[in-house]
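Trainee: This is what each chain is made of:
There are 2 protein chains.
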Amino acid sequence: MNAEEFRKAAHAAIEEIIDYYDTIQNRRVVSNVEPGYLRKLLPSSPPEEGEQWADIQKDIEAKIMPGLTHWQSPNFMAFFPANATYPSMLGELYSAAFTAPSFNWICSPAVTELETVVLDWLAQTLHLPNCFLSEGEGGGVIQGSASEATATVVVAARERYLTTACEGLEGKGREDRRDQTMSRLVVLGSDQSHSSLAKAALIAGVRYKSIPCSSENDLALTGANVQAALEQCKCEDLEPFFLLTTLGTTSTCAVDRFDEITTVIRETRSPGTIWIHVDAAYAGAALVCDEYAHIAKDFVAVDSFDMNMHKWLLTNFDASCLFVRNRKDLTSALSVTPSYLRNPFSDTGLVTDYRDWQIPLGRRFRALKIWFVLRTYGVNGLKAHIRRHITLGEKFANWIRGREDLFRIIAPPAFALTVLTVANPKLIDWGLLNEHTETKVSEGLATSDIMPHTSTTELDHTNSLTKSVYERINASGKVFLTSSVVNGVYAIRVVSANEKADEEHLRKAFEILVRTTEDIVGQAYKVES
Amino acid sequence: MNAEEFRKAAHAAIEEIIDYYDTIQNRRVVSNVEPGYLRKLLPSSPPEEGEQWADIQKDIEAKIMPGLTHWQSPNFMAFFPANATYPSMLGELYSAAFTAPSFNWICSPAVTELETVVLDWLAQTLHLPNCFLSEGEGGGVIQGSASEATATVVVAARERYLTTACEGLEGKGREDRRDQTMSRLVVLGSDQSHSSLAKAALIAGVRYKSIPCSSENDLALTGANVQAALEQCKCEDLEPFFLLTTLGTTSTCAVDRFDEITTVIRETRSPGTIWIHVDAAYAGAALVCDEYAHIAKDFVAVDSFDMNMHKWLLTNFDASCLFVRNRKDLTSALSVTPSYLRNPFSDTGLVTDYRDWQIPLGRRFRALKIWFVLRTYGVNGLKAHIRRHITLGEKFANWIRGREDLFRIIAPPAFALTVLTVANPKLIDWGLLNEHTETKVSEGLATSDIMPHTSTTELDHTNSLTKSVYERINASGKVFLTSSVVNGVYAIRVVSANEKADEEHLRKAFEILVRTTEDIVGQAYKVES
Numbered sequence: 001m002n003a004e005e006f007r008k009a010a011h012a013a014i015e016e017i018i019d020y021y022d023t024i025q026n027r028r029v030v031s032n033v034e035p036g037y038l039r040k041l042l043p044s045s046p047p048e049e050g051e052q053w054a055d056i057q058k059d060i061e062a063k064i065m066p067g068l069t070h071w072q073s074p075n076f077m078a079f080f081p082a083n084a085t086y087p088s089m090l091g092e093l094y095s096a097a098f099t100a101p102s103f104n105w106i107c108s109p110a111v112t113e114l115e116t117v118v119l120d121w122l123a124q125t126l127h128l129p130n131c132f133l134s135e136g137e138g139g140g141v142i143q144g145s146a147s148e149a150t151a152t153v154v155v156a157a158r159e160r161y162l163t164t165a166c167e168g169l170e171g172k173g174r175e176d177r178r179d180q181t182m183s184r185l186v187v188l189g190s191d192q193s194h195s196s197l198a199k200a201a202l203i204a205g206v207r208y209k210s211i212p213c214s215s216e217n218d219l220a221l222t223g224a225n226v227q228a229a230l231e232q233c234k235c236e237d238l239e240p241f242f243l244l245t246t247l248g249t250t251s252t253c254a255v256d257r258f259d260e261i262t263t264v265i266r267e268t269r270s271p272g273t274i275w276i277h278v279d280a281a282y283a284g285a286a287l288v289c290d291e292y293a294h295i296a297k298d299f300v301a302v303d304s305f306d307m308n309m310h311k312w313l314l315t316n317f318d319a320s321c322l323f324v325r326n327r328k329d330l331t332s333a334l335s336v337t338p339s340y341l342r343n344p345f346s347d348t349g350l351v352t353d354y355r356d357w358q359i360p361l362g363r364r365f366r367a368l369k370i371w372f373v374l375r376t377y378g379v380n381g382l383k384a385h386i387r388r389h390i391t392l393g394e395k396f397a398n399w400i401r402g403r404e405d406l407f408r409i410i411a412p413p414a415f416a417l418t419v420l421t422v423a424n425p426k427l428i429d430w431g432l433l434n435e436h437t438e439t440k441v442s443e444g445l446a447t448s449d450i451m452p453h454t455s456t457t458e459l460d461h462t463n464s465l466t467k468s469v470y471e472r473i474n475a476s477g478k479v480f481l482t483s484s485v486v487n488g489v490y491a492i493r494v495v496s497a498n499e500k501a502d503e504e505h506l507r508k509a510f511e512i513l514v515r516t517t518e519d520i521v522g523q524a525y526k527v528e529s
Numbered sequence: 001m002n003a004e005e006f007r008k009a010a011h012a013a014i015e016e017i018i019d020y021y022d023t024i025q026n027r028r029v030v031s032n033v034e035p036g037y038l039r040k041l042l043p044s045s046p047p048e049e050g051e052q053w054a055d056i057q058k059d060i061e062a063k064i065m066p067g068l069t070h071w072q073s074p075n076f077m078a079f080f081p082a083n084a085t086y087p088s089m090l091g092e093l094y095s096a097a098f099t100a101p102s103f104n105w106i107c108s109p110a111v112t113e114l115e116t117v118v119l120d121w122l123a124q125t126l127h128l129p130n131c132f133l134s135e136g137e138g139g140g141v142i143q144g145s146a147s148e149a150t151a152t153v154v155v156a157a158r159e160r161y162l163t164t165a166c167e168g169l170e171g172k173g174r175e176d177r178r179d180q181t182m183s184r185l186v187v188l189g190s191d192q193s194h195s196s197l198a199k200a201a202l203i204a205g206v207r208y209k210s211i212p213c214s215s216e217n218d219l220a221l222t223g224a225n226v227q228a229a230l231e232q233c234k235c236e237d238l239e240p241f242f243l244l245t246t247l248g249t250t251s252t253c254a255v256d257r258f259d260e261i262t263t264v265i266r267e268t269r270s271p272g273t274i275w276i277h278v279d280a281a282y283a284g285a286a287l288v289c290d291e292y293a294h295i296a297k298d299f300v301a302v303d304s305f306d307m308n309m310h311k312w313l314l315t316n317f318d319a320s321c322l323f324v325r326n327r328k329d330l331t332s333a334l335s336v337t338p339s340y341l342r343n344p345f346s347d348t349g350l351v352t353d354y355r356d357w358q359i360p361l362g363r364r365f366r367a368l369k370i371w372f373v374l375r376t377y378g379v380n381g382l383k384a385h386i387r388r389h390i391t392l393g394e395k396f397a398n399w400i401r402g403r404e405d406l407f408r409i410i411a412p413p414a415f416a417l418t419v420l421t422v423a424n425p426k427l428i429d430w431g432l433l434n435e436h437t438e439t440k441v442s443e444g445l446a447t448s449d450i451m452p453h454t455s456t457t458e459l460d461h462t463n464s465l466t467k468s469v470y471e472r473i474n475a476s477g478k479v480f481l482t483s484s485v486v487n488g489v490y491a492i493r494v495v496s497a498n499e500k501a502d503e504e505h506l507r508k509a510f511e512i513l514v515r516t517t518e519d520i521v522g523q524a525y526k527v528e529s
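Heads up: the protein sequence lines correspond to chains A and B, in order.
Here the first sequence stands for residues 1 to 529, where the numbers follow the working numbering.
Here the second sequence stands for residues 1 to 529, where the numbers follow the working numbering.
Looking at chain A on its own, in the form it has when it is part of the complex:
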């Protein structure tokens, strides 16, 4: 493809993308292709000779589009949003043009330096404490995802802990101490922590223990929860070295009690023993607003903080921004330098080699899209964007509250997320429901795994009604929602935080919820009576 062909192809691609965005809300939001649909549409091997762009492009609408779930659609209210915007697309385009697997500073100094600058900008915009700025001992790094960031800090925390545990030892003695300690290490997180924490522990080869949270505390992890977990670890001869806390849990957007938790850790452990990480993948974006800034004050006592600009801050996936208080914690753990990666700049120690801040070696020029987004929207634009969704979310929650006959909200609506169940007319109340599940929690099960399908309690009945409503709505393709199981309760999550989402879309989703629920509850009781 020569320059002229590229110009023509790129213009055609841009028109197709603009048209896609302009008409996206008319498309079925969640794909309804059958598994294996695409293989039937494509040849079984690549062409021997090259094809023209026009022929390739045709296949996007014909073959790819039916298999897309449209995350940019204003009818997408599932998972958490994944905002993409025009300036972020331009960032990705330039990044591809400037391709460099920029593992070292010298691979392309601008890749490293822009990353440092824009992450400092972002830290300020999020009202993070100064300890996370690069001018001191901390700094930010762009990772691919919050899950990758968690895996990275778990490994760094493990190495920091083991290094201290083996201090002063050498040779066999050191190896033995390391092995013994390793076998007792445990990662802690609440039972509302994202599953990527369990996966990070698995990757790092250490145990993982989840701490039960209760609905009384709005599913937030408390200081008392952590205290109890630390004591239990002691009884079991386990050494906790990492604690994940969350700002905006996946199921309900709960906010852990950072102040209480960091106080407990400070009072019971030597500094640097337990690495405290804040997973703020989605809700961290709200810290741009002054009214949320107070939350960030508590982060002065944590080791690391991660938020995804690719969720709620208008930047296409991937742009997970990880900030650490002490960058040496990462580089001491993750630096491996053979001769072919050595260079005079790295040797001086004056430059940053981001390969030592992450699991993979190479990295893309992701700072460009963050730079473009921050500049195109400005700080005030970002605040307005977040506030608009917060307001929309509050409206939606109020509509739901207005239909107590149909719905129950099972956790405080927050950050544009509302989590609800169908209000089974025969259901015992929420207090009893809690009692029902508390037993299982105290038996040590991870609550998110509790799905009491087997007994025919009232809760099962409600769960099954809610599930029917959820499945029928998603099958319609008019809106796309996610379900979750919270302390044994099957719930529907509605989060509307796409750039294109407006009141009309949420209202439509609400009406679909009402109609579907009336219909299903009506049928259920007709059958029973």
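Zero decoy hints are in this set.
Remember, identical chains collapse to one label, so a pair may be satisfied in a single copy or spanning two.
Taking lysine-lysine pairs in the DSSO-like style, the calculated list, with each CA pair at most 27 Å apart, reads: (1) 58 - 8; (2) 328 - 40; (3) 209 - 172; (4) 467 - 478; (5) 467 - 526.
FYI, nobody ran anything at the bench for these hints, they're computed from the structure.
None of the values given here were measured: they were computed from a predicted structure.
Following the hints, put chain B in place on chain A, whose structure we already have.
Mentor: What follows is chain B alone, placed relative to chain A:
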């Protein structure tokens, strides 16, 4: 940025990219900015109000460009290439527009299904054995980098080994066996393996042992090397569970003896005990050519194979293609499924959820760019592209051989890479040089760490001459090369495999090498005499 503004901005960006590619060879190939240059050019915080694209775009040429090292320049002959092409850029653009962190099939079925199809296409194109196709028990997955792929398979191999080791045990007994085994696990690779192997072992929390290779075997890992390493592990009560072999090592593009190695493993270990991985990050691309296809035959006996389309196959970073013989090895190790990731499609087991094939949860739509590249070039176009560089590389090596007075080639030139040193007129011959370093190897040092700076042997002298030549050339900014240390020898790597690289560029690089070497050697002996 609305649609009209995007159209205008995107057209301007495309013109800038076309102009950049058309004139790239006139730019200084390696950036010569001072560390910290960019912070001085940018405001210390993001703007309060949004800015216009025209103002943002201006800063690309003014502030970013001076800090770029131009990997697409035909004068870039460092590391390994990182080809980006117009069709791959279009793939990245669409991927950004269709943003979805596609962890599950239902997140966007086309993302998963196109990946499965194009990786099957690629496996065929690379002449890989059928066991790596998705129609059987294997399949391919796109990772971010070869280093990430290595970390992924090391973790999967560890889990596979531990699961077998703990078979039949439960509770405390199982935990104890797991801990004991874990402390004895060791990852093996040759001393020419990429440093990401050591890092993968670190991430997985296991030991790493590098196996010395000798220049007599052209720095390839042999069956005998592996046999000796296995015996040594037995003596040290270590349990090897993973072996990394390489097709095209970083320093010299050596090709390990896959047939011998797999035979040794098969004859001494039960099946499934030691996971054999092939790191073919760069040279794997050559397997598209029929004349290299015979190498892939031996992969019938390995567990996994990884190559980067983003090095030599015209696709912008990132597109590391990992193929496994048994996809269950990945999913059994890496699947963690909370309720909010459950869905009817995944529950059927009929769809692929690539999150279980990798470390991070989310993933981009990287299959698009691979699809566009395979279709734009066609299989014959890819073969022609590789063969052109192989021929260029052979020419370059011959020019170097023609100046025996100035240069020594220290390993067989391969895959367009030539590795050379300055021919110190006073130097003892290469045989003696080997003797000099073998001692250190037998002392158990990783050879890549041997840099005998302290003694003033002939080798030091040559190393210092070569280093001077290398540093002066890179400082000129006319071409960009990489150095490496191979069995104690400081060497210059020249690899020209950019799409834009032609004979004239290599010839220019050769002439710069000759002039610089004549100058430096001349000076050195003038000073001495």
